[in-house]
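Given the structure of chain S, go ahead and fit chain Z onto it with the hints provided.
In order, the protein sequences belong to chains S and Z.
Residues 379 to 542 in this note's numbering are what the first sequence spells out, letter by letter.
Residues -1 to 104 in this note's numbering are what the second sequence spells out, letter by letter.
No lab work stands behind these hints, which were simulated from the structure alone.
Treat the hints with care, since some could be wrong.
Claimed, not checked - Here are the simulated lysine to aspartate or glutamate pairs, EDC-like style, with alpha carbons at most 20 Å apart:
hint, chain 1, residue 1, chain 2, residue 2
1, Z, K11, Z, E104
2, Z, K19, Z, D60
3, S, K510, Z, E104
4, S, K436, S, D461
5, S, K471, S, D528
6, S, K471, Z, E54
7, S, K471, Z, D90
8, Z, K19, S, D443
9, Z, K19, Z, E54
10, S, K436, S, D507
11, S, K510, S, D528
12, S, K510, S, D443
13, S, K471, S, D525
14, S, K441, S, D461
15, S, K471, Z, E104
Claimed, not checked - Covered stretches of chain Z (in silico footprint by chain S; criterion: 3 or more residues with CB under 8 Å from a CB of chain S, positions within the stretch not fixed):
hint, stretch
16, 45 to 58
17, 61 to 75
As the list claims (entries may be wrong) - From the structure, some residues in chain S lie toward chain Z, with a derived Cβ separation under 8 Å:
hint, residue
18, S434
19, N477
20, T500
All C-beta atoms in this analysis are idealised placements derived from N, C-alpha and C, irrespective of residue type, glycine included.
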Amino acid sequence: MMDRGTETNPTRRKLLFGASCLAAGLGAPLLLAVRRAQATPATMATAIRQVVGEASVKPGKVKLDLPPLVENGNTVPFTVSVDSPMTPSDYVKAIHVFNEKNPQSNVIGVRLGPRAGRASFTSRMRLADSEKVVAIAELSDGSFWSDSVDVVVTIAACVEDGIP
Amino acid sequence: MSAPLINVPARAKRGDVIAIKTLISHEMETGFRYGTNGVLIPRNIITEFVCTYNGEEIFRADFHQAVAANPFLTFYTVATASGTIAFTWTGDNGFSETASANITVE
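Chain Z extracted, bound-state conformation:
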């Protein structure tokens, strides 16, 4: 449903700094808005994002309500070894989504 889009270079030279881009579809409801019936819409946001490279955590983000809908992130890491870069998003109401990409380092 919330199909994450990720962009990781397929191959890189050892030691290169690579850019990782992620986008996940999520309304990021702030909990500060009222519905047409005058009732406060409860908060429903992604609170945490974690990225691991071959199991080692390389980047973590705590999201708050001020992060725009469909959270987008670009960050960097050093390509050290071939393997898997995995992503996890967790949030309110038991929201959890994962994605991963393979990278070949030569």
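The following block holds chain S by itself, in its conformation from the complex:
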């Protein structure tokens, strides 16, 4: 009995592995076929321009905390924190979050002030694909700072259709 167990297990494992590979192979083109409207990096650049105007956006000061590997794109927790003393003369005015490949590039925009004490917030977003997420902070002196994270999404948001 013991011998049989050790013999059948590897075969079963192989079979399951083979089946999951097949499923992944079949699933990938299916996802591509289902996907409809999608923004592009250019759309994101346009969305960012609409917020920052002509100002230049420098990397730094901002920390975008996002898991690098996301299992479910329907709800992805993230935290944006900005290195700022949050005094009346030097504080964060606004933080904006953008994505590259969702149908719409904006995720969320928040306004805060010196009253916040800490320039940080947490929320949850949807991600339709493995993509880049960008957070931009506007400081009280008018400068813009950014951070970006590349995330891999295994189950994308927006692919399943709803019940009307």
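For chain Z alone, coordinates are given in the frame of chain S:
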């Protein structure tokens, strides 16, 4: 229906930075999905969230479709005085919800 859940510390020391957590139940329908009948499901999202502390606005958020269903937010403020922290969510189709919490600052 959309009963918001809020978490504000009941008491705090003057000058402390306190965390405020809010969660509201809302489907946040993106307007990009099709129903089983092939018709586009119209957009229905919360577009704006405002938090006031004794009437003064301390935090505001603009939500877009990429915010996950049942929007959750954690943010911070300085406890300055005892009083009321009020929250307002507004959105598509005349959606409006309010909530408030009391805080004692000593």
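Status of each hint after checking the structure:
1. Using a Cα cut-off of 20 Å, the hinted pair Z:K11 and Z:E104 holds, with the two alpha carbons roughly 5 Å apart.
2. A distance of roughly 16 Å separates the Cα atoms of Z:K19 and Z:D60; the hinted pair therefore holds under the 20 Å criterion.
3. The hinted pair formed by S:K510 and Z:E104 fails the criterion: a straight-line CA distance of about 44 Å is larger than 20 Å.
4. Proposed proximity of S:K436 and S:D461 is supported: the alpha carbons are some 14 Å apart, at most 20 Å.
5. A C-alpha spacing of about 25 Å is found between S:K471 and S:D528, which places the hinted pair above 20 Å, so the restraint is violated.
6. Distance hint between S:K471 and Z:E54 is fulfilled; the C-alpha atoms sit about 16 Å from each other, no more than 20 Å.
7. Restraint check for S:K471 and Z:D90: not satisfied, since their Cα atoms lie roughly 26 Å apart, outside the 20 Å limit.
8. Note on Z:K19 and S:D443: the hinted pairing holds, with a Cα-Cα distance of about 18 Å set against a maximum of 20 Å.
9. Using a Cα cut-off of 20 Å, the hinted pair Z:K19 and Z:E54 holds, with the two alpha carbons roughly 18 Å apart.
10. A distance of roughly 26 Å separates the Cα atoms of S:K436 and S:D507; the hinted pair therefore is violated under the 20 Å criterion.
11. A hinted pair counts as satisfied when its Cα atoms are at most 20 Å apart, and S:K510 with S:D528 qualifies at roughly 4 Å.
12. The suggested pairing of S:K510 with S:D443 holds, with an alpha-carbon distance near 13 Å, which does not exceed 20 Å.
13. For the given pair, S:K471 sits about 16 Å from S:D525 by alpha-carbon distance, which is consistent with the 20 Å threshold.
14. Straight-line distance between C-alpha atoms of S:K441 and S:D461 comes to about 8 Å, which keeps the hinted pair within the 20 Å bound.
15. A C-alpha spacing of about 28 Å is found between S:K471 and Z:E104, which places the hinted pair above 20 Å, so the restraint is violated.
16. Under a criterion of three residues with beta carbons nearer than 8 Å to beta carbons of chain S, the stated coverage of the stretch 45 to 58 of chain Z is upheld, 5 such residues being counted.
17. Coverage of the stretch 61 to 75 of chain Z by chain S holds. Counting CB-CB distances below 8 Å, 14 residues qualify, and the rule asks for three or more.
18. Hint status for S:S434: violated, given a least beta-carbon distance of 23 Å to chain Z, over 8 Å.
19. The interface hint given for S:N477 holds, since its Cβ lies 6 Å from the closest Cβ of chain Z, which is under the 8 Å cut-off.
20. Hint on S:T500 holds. Least Cβ distance to chain Z is approximately 4 Å, under the 8 Å limit.
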